[in-house]
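So the protein lines, in turn, are chains A and B.
Per our numbering, the first sequence starts with residue 4, numbered consecutively.
Per our numbering, the second sequence starts with residue 513, numbered consecutively.
Mixed in with the good hints there might be a few duds.
Calculated pairs, SDA-like style, for lysine to any residue (alpha carbon to alpha carbon, straight line, at most 25 Å) [stated by the list, open to error]:
1. B:Lys604 x B:Leu647
2. A:Lys70 x A:Val155
3. B:Lys699 x A:Ala27
4. B:Lys604 x A:Leu31
5. B:Lys611 x A:Ala27
6. B:Lys601 x B:Ile675
7. B:Lys699 x A:Val51
8. B:Lys601 x B:Lys542
9. B:Lys542 x A:Phe19
10. B:Lys699 x A:Ala9
11. B:Lys699 x A:Leu31
12. A:Lys70 x B:Ile675
Across the chosen pairs, the derived CB separations fall in these ranges [unchecked claim]:
13. B:Arg610 x A:Leu92: 25 to 35 Å
14. B:Leu550 x A:Ala132: 35 to 45 Å
15. B:Lys604 x A:Gly66: 27 to 37 Å
16. A:Gln174 x B:Ala632: 20 to 30 Å
17. B:Arg610 x A:Arg176: 44 to 54 Å
Think of the hints as simulated: they come from the structure by calculation, not from any bench.
Owing to the predicted nature of the structure, the values given are computational and were not obtained by experimental measurement.
We treat Cβ as the ideally placed atom computed from N, Cα and C, and that holds for glycine.
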Amino acid sequence: MQDEIAYMAGIVLAGFVVNFGLRALPFLLFAGSGRELPRWAERAGSLVSPAIIAALIVYSYSGLAWKTAYPYAAGALAVGLQLWRRNPLASIVAGTALYMALVGCCGCSTARSTIELDAQNPFVRVTTAGVFIGDRPVRPEHVASYLEDLDVPKSRTIHILLAENVRDLRQARFLMGCLAKSGYTRPVLVTKRHAESVAVGKRKPRPVQPQQPNRRSGAPNVLRPAGRK
Amino acid sequence: MFRRAFVDSLPVLMGYSTMGFVAGVLLAAKGNVALSPLWGFLTSSLWVTGTMSIAGVPEIARRIPVMAFALMTLAVNFRYAFYGFTMLKAWKGVPLLRKAYLVLMLTDENYALEAASGIADPAENVRYCTVLSALNHSYWVVGVTVGALTVVLLGMAVDPETIRRHTNGMEFSMAALFLVIFTDQIKGLLQHAR
């Protein structure tokens, strides 16, 4: 307990020193009452701030569903309203409301009532644009809690539709890992052609082979089971 | 002045209170620390940075060394080092303690609003910056602390993911704030050039 308090006090202090130090850096560089601000700094100041804010826009978009059209539609609305009415609060609220409606806030989207756990028609999809539940983009790590909200039993097989143009399976694997971590140990990747469905997920314990005990006793990996690709 | 600062702070209220709440819940539920409301209060009042309050939680949970945490903060938040340059002139001659507070509060959102305030009178401008900073600070601290308290008082009933999903999309208010300020700045620059 005391160790923990000391550790957290250290973390608080470290964060404070670094954050405050970074923010104070320009003021420290130009400290001293006698020193005038160089002309270049003054002139640059007026151009630097739009540049920084442009960077902040990109940065904040990276935390949104930026691979979909939603944040751009909402952004266009906010900018358009601002040019038209010059009322920042109204522009921001309208843009945010549109974005929330588009991504389906409060879990109030219609997908909730229409979900069918049906192998023919999986509602979880992995596409090149990301993971979707119904038509909504979601983060892979949110899928499990979504299923839990719908009282989907953990023992259910969860079919995940893999879009045909997806070559990189990392996202699909990550999604399955997230599901497995939350107890959904039976995710199944399916493609449009159903015959190709592949079961992935936690590897089932392999049948015990005669060589197995030798492994423990330090036998090198010569004994790796054959017949596995 | 108070009125304008308050109206300007409203979009930040939307963003900070929800983001702060999520950060507080995250710290209490996933931070693996006792007394999380206290730590939430301290970090939110002294750091005033959403990025590290959220990204830092898993690192705290696995107890990375304090120096490593400091380095991570440095890398993640390096952008803060540039904000002060815009404010050097506007905050000249401000008493040290007040200036220190304004500097501590140079978050993305405060910076964006303060750099675009357009208030000609320096004293009036500093007053605007101070009120704005204090308002936004309070939103953030209350959000984080209440978030951590909620988890402690309601047990683990609150799941950060659930909250994140139920306020899904509200994070756009920050992007919208930057977009709107940027729009005005570009418009101003174009009119200036004419």
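query: Quick check: which numbered hints come out false for this structure?
result: Per hint list: 2, 3, 6, 8, 10, 11, 16 violated.
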